[in-house]
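Fit chain B to the supplied structure of chain A, relying on the hints for placement.
Those sequence lines, one after another, are chains A and B. All the letters of the first sequence, read from the start, carry residue numbers 1 to 115 under the numbering used here. All the letters of the second sequence, read from the start, carry residue numbers 1 to 117 under the numbering used here.
Mixed in with the good hints there might be a few duds.
[To be verified] Which stretches of chain B does chain A cover? Using the computed rule of at least three CB atoms under 8 Å from a CB of chain A, they are:
1) 14-25
2) 61-72
[Claimed, not checked] Some chain B residues close to chain A (C-beta under 7 Å, calculated; not the full set):
3) Gly102
4) Asn103
5) Phe107
6) Gly108
7) Thr109
8) Gly110
FYI, nobody ran anything at the bench for these hints, they're computed from the structure. The C-beta atom is built at its ideal place from N, Cα and C for all residues, glycine as well.
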Amino acid sequence: NAGVTQTPKFQVLKTGQSMTLQCAQDMNHNSMYWYRQDPGMGLRLIYYSASEGTTDKGEVPNGYNVSRLNKREFSLRLESAAPSQTSVYFCASTRTSGERTDTQYFGPGTRLTVL
Amino acid sequence: AQSVAQPEDQVNVAEGNPLTVKCTYSVSGNPYLFWYVQYPNRGLQFLLKYITGDNLVKGSYGFEAEFNKSQTSFHLKKPSALVSDSALYFCAVRDKWVTGGGNKLTFGTGTQLKVEL
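So that you can see chain A by itself, here it is in the shape it has in the complex:
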């Protein structure tokens, strides 16, 4: 039982390049989330998927797109990377969207640098 996994662990991009961050969970969770972590700003929600087949914007969605590929996988795409997207990206999941006190489980993160 690996929990939440993310690939890649590290990535360096040039401005304008595109890439997809992958996330998968093996806990049969319904809801999945993408955050970015920046110094002094905590974690900010980019997009989330409350259940398979749905996605919604979070606090900072500009410049990103997501795909909930199936119940296990939730990917984050940067179509044209910008230096402002240099950050650490975390994926998380929760068991159900109907349980209000669900605990979020986090992946190990992807450290992205955009030059």
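Positioned in the frame of chain A, the structure of chain B alone reads:
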């Protein structure tokens, strides 16, 4: 909107001394509060949560948190700090419930805890 504040960027404490990491919250409705810990180059790990009931919540690694409704606070505590407790600590609050909206959290900015010998 729900929010949490962590007023201290860093807390320093000597090993063996008690530690407190502060968090205050602002919510409409019942507060559902969480503490997470992040060790260097790792993801966030769940420590404890407050749902309802006892104001003192016990969690992992000997941590506990005290919920105070009148002061809208949820401070993280440990009676005797260890060097291995040095990490980044985040307080979080459940966003206002919307059916089918997922269990979104709003995080504080984090407090770096440094425990020294």
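Of the numbered hints stated previously, which ones are contradicted by the structure, given in increasing order? 1, 2
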